[in-house]
Amino acid sequence: MRVLLHYKTYLVSFLVFIFLFAVAIIIFPDALKKLNENKSIQSTNTKINLENTSIVFKSLKKNKANLRQGPSLDHQVLWTYNKYKLPVEIIGQTKIGWSKIRDFTGGEGWVSNTLLSNNRTAMIAPWDVKNQPQDYRNLFKEPLTTSRVIKYLEPGVVVSISQCTGSWCNIYIGKSEGWIKQNQLYGVYIDEVINIKED
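The numbers in the sequence shown follow this note's numbering, run straight up by one, and end at 230.
No lab work stands behind these hints, which were simulated from the structure alone. Just so you know, even glycine gets a beta-carbon here, dropped at the ideal spot from N, CA and C. Do not rely on the hints blindly, as some may be mistaken.
Restricting the straight-line Cα-Cα distance to at most 27 Å, the calculated cross-link-like pairs of lysine-lysine (DSS-like) are [what the hints assert, rightly or not]:
(1) K182 <-> K116
(2) K116 <-> K172
(3) K126 <-> K172
(4) K95 <-> K114
(5) K92 <-> K206
The calculated label-pair distances, taken between Cβ atoms and stated as ranges, are [stated by the list, open to error]:
(6) G101 <-> G197: 33 to 41 Å
(7) Q165 <-> G197: 23 to 31 Å
(8) S148 <-> T177: 29 to 37 Å
(9) L175 <-> G101: 41 to 49 Å
Construct the complete structure from the given sequences, taking the supplied hints into account.
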């Protein structure tokens, strides 16, 4: 009797296995096909910008720019920037005129390309904005720490970049122009060499 019961249990388990295997064969190919289709759609609509790695930072060309959850006006506004020339990092693009950006806080979202400029700007040490008293950064006349300091720059101030050597950047703000250590800026990578004129 025990042998018969054991045999029936084994038979039921085997039949359940066969049934699940058959269902998997039927279902998973369709699921895999849909997954591949979704990946294809995503790769068509959203393209990571790897073609032009020389410009991975851009700046906002408007005083007001909405950061959206997705690449269209139908998507929810996550945040509104109110900072002209704010530097943002381009981490993705679509073929329909939208870019995925990352800001100095690490926040990510989508903005229309009509709000972006190729002009290179930078923010002075935004990581120290909340420090009190604030640690002002020196703007030197020449790219040397022994050079004359021509201005003290407050963390969070946005400046325009005209040149970077990989360790120093030539920047200007208002009528002041000078050099600052590259690692004191958000908007340019360490060791990045640039020489870009404004649009």
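Proposed proximity, K172 with K116 (alpha carbon, max 27 Å):
23 Å, holds
Quick one: are S148 and T177 within 29 to 37 Å, going by C-beta?
With a Cβ separation near 35 Å, S148 and T177 satisfy 29 to 37 Å, so the hint holds.
Okay, L175 versus G101 on CB: inside 41 to 49 Å?
47 Å, holds
Is it true that the CA of K92 sits at most 27 Å from the CA of K206?
20 Å, holds
I want to verify a distance hint. Is the separation of the beta carbons of G101 and G197 within 33 to 41 Å?
36 Å, holds
Can the restraint linking K95 and K114 be considered satisfied, given a maximum Cα separation of 27 Å?
7 Å, holds
Is K126 within 27 Å of K172, Cα to Cα?
Since the Cα atoms of K126 and K172 sit roughly 43 Å apart, the hinted pair is violated (cutoff 27 Å).
I want to verify a distance hint. Is the separation of the beta carbons of Q165 and G197 within 23 to 31 Å?
At roughly 27 Å between Cβ atoms, G197 and Q165 fall inside 23 to 31 Å, so the hint holds.
Does the alpha-carbon distance linking K182 and K116 stay inside the 27 Å limit?
20 Å, holds
Hint 3 alone, counting from the list given before, is not met by this structure.
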